[in-house]
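Listed below are the residues making up each chain.
Protein chains: 2
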Amino acid sequence: MMNEGVHFDLGYSSALYLGFKLVSVNVSDIMAMGCVPKYLFLDLAFTSDADEELFDGIYDGIHEAIRLYGVSLLGGDLCSSRSDTVLAATVIGEGDRVVFRKGAMPGDRIYITSSTGDSGCGLQILKRLDDESRERVRRQKSRVEPDVCTGPDLKLQSDSGPVISLGWRPGFRLIKRHLIPVARDSRDMAAFANAMLDISDGLFIDLSRLCDESGTGAIIYSDQVPISPELAEASGLLGMDALKMAVSGGEDYEILFTSSNFPLEAYNASHDIKVSCIGEITASERAVIDKEGKRSPLTAAGYEHFGQ
Amino acid sequence: MMNEGVHFDLGYSSALYLGFKLVSVNVSDIMAMGCVPKYLFLDLAFTSDADEELFDGIYDGIHEAIRLYGVSLLGGDLCSSRSDTVLAATVIGEGDRVVFRKGAMPGDRIYITSSTGDSGCGLQILKRLDDESRERVRRQKSRVEPDVCTGPDLKLQSDSGPVISLGWRPGFRLIKRHLIPVARDSRDMAAFANAMLDISDGLFIDLSRLCDESGTGAIIYSDQVPISPELAEASGLLGMDALKMAVSGGEDYEILFTSSNFPLEAYNASHDIKVSCIGEITASERAVIDKEGKRSPLTAAGYEHFGQ
Chain U
1 MMNEGVHFDL GYSSALYLGF KLVSVNVSDI MAMGCVPKYL FLDLAFTSDA DEELFDGIYD
61 GIHEAIRLYG VSLLGGDLCS SRSDTVLAAT VIGEGDRVVF RKGAMPGDRI YITSSTGDSG
121 CGLQILKRLD DESRERVRRQ KSRVEPDVCT GPDLKLQSDS GPVISLGWRP GFRLIKRHLI
181 PVARDSRDMA AFANAMLDIS DGLFIDLSRL CDESGTGAII YSDQVPISPE LAEASGLLGM
241 DALKMAVSGG EDYEILFTSS NFPLEAYNAS HDIKVSCIGE ITASERAVID KEGKRSPLTA
301 AGYEHFGQ
Chain B
1001 MMNEGVHFDL GYSSALYLGF KLVSVNVSDI MAMGCVPKYL FLDLAFTSDA DEELFDGIYD
1061 GIHEAIRLYG VSLLGGDLCS SRSDTVLAAT VIGEGDRVVF RKGAMPGDRI YITSSTGDSG
1121 CGLQILKRLD DESRERVRRQ KSRVEPDVCT GPDLKLQSDS GPVISLGWRP GFRLIKRHLI
1181 PVARDSRDMA AFANAMLDIS DGLFIDLSRL CDESGTGAII YSDQVPISPE LAEASGLLGM
1241 DALKMAVSGG EDYEILFTSS NFPLEAYNAS HDIKVSCIGE ITASERAVID KEGKRSPLTA
1301 AGYEHFGQ
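For the protein sequence lines, the chains are U and B, in the order given.
Taking the working numbering, I'd label the letters of the first sequence as residues 1 to 308.
Taking the working numbering, I'd label the letters of the second sequence as residues 1001 to 1308.
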């Protein structure tokens, strides 16, 4: 469910991206159980002053996601809302073997797809854009792929006052990771996975949930947590800690899974979206180990208690 | 989808009834295709000032419907809304033979379950209740069955001024038909049905849709349209035309179907919810015939053009 004023702000996101994200995050829930999304049901409510641009944009974004994920729109409801735009999606999937959060075993390695923190950093960028840059982002008509690689720098307000320039390409890529997350196809991981989920609230929070449900602990090697070049660049400019963003940013929709026999090198040799090993499941200990070998507690609250 | 201020008013409906209706009208969509509801997904959004009474009431109503219809709640979302309560349900069903709107054949008889117009009349009563009566209705904690049969008369504002007294039992039964419609089990009709739907916008409007999709006409015998004793009593007191309400009231959620071989007497001998034959499908003529044999056109707009 995505509700205006709670889950999205039409001042930041184009309607196109909103429609795409609505389907994408629900597809991600299915893929994060090792299953294949099949059927889509939509409930859309618009206020009486909704314009054609909003309606067509959401419709186009939904249909782009439908094509990308190969789901069939089977039904739903389209109706009026008194105050806010309300969007809800239900996705039904199929799988021979459903992977839950609860199956992690001590000794399993912990894997994630792509990198985390980009979405959280993208949100921070969105919040700091000046009016001209924000409007330029909002009006992007680009589809999900390919990226729009050129454009004037984005102008951001820093905490200390002066305006920061961030290149369009890294800036917009981070923003897109927030506005239009792409659900990760988990089929070639699921056969090896003992436990799996998609990261919605933050890497450490969701890993802690997986451990809670599995009755295990986990050790994370902080220098193994992948940081994208865009996150490294933007967090440097903005004075943010890239690793902190990567483990606690949220809305990543990357797949986190544990396995005792995942063929990492063979997988990465044949897939565009790479997988990284970031740690291992333990019987009960929960810790983060940095590159100097220093141990800190791993908690659901995440990075606040880590490395201080 | 049921949105506050558009589809419901918490000044009229208890939260319990709202929760029940949310599931019931979606179950009705499945049953109206001759299928069996199986799985339920819910999206519920509440504002920050939602109180426990609202939340618990909706939850209780949903669970009463789940028990009544034997569906399994499989998932959904529970989240915040900025301004209004928003409720959405998706029901998935199964059936060996799905009955659509489009299969009606000239010569089929036209059948409906129970009686129509009660819900529309119930809404009119709700709108006219004085404050004390409205609050008494809103605070009803009774479950869907059995009816609460005793209580002081309801007090209604009439168009012409004076307050009208309507017995609690007929009044509250009509109100309940509006606030908590019960989906009709269609399994024993579906095997005989060529076309089927549930009446949501009004008997004549929905019959016209069925005829449009089937490429047929229909003749309705107006004296065969069943009128409940409660509708007859209340419409008399309120100066409304009971037949007009029965053919155009809306939100009845009764089943309308056509069949060439439905065993009406045997069905009614073994079922509590009775079925009536109200007319027949024609090649193209659409007409209403009254008990004197006078013909009027049958239109989607319904009763406005009929009998004038």
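Possibly wrong hints are sitting among the right ones.
According to the in silico footprint, chain B covers these stretches of chain U (three or more CB under 8 Å from chain B) [stated by the list, open to error]:
1) 2-14
2) 88-97
3) 209-216
The set of hints was computed from the structure by calculation and includes no laboratory data.
All residues carry an ideal CB built from backbone N, CA and C; glycine is no exception.
Hint check, failures only: 3
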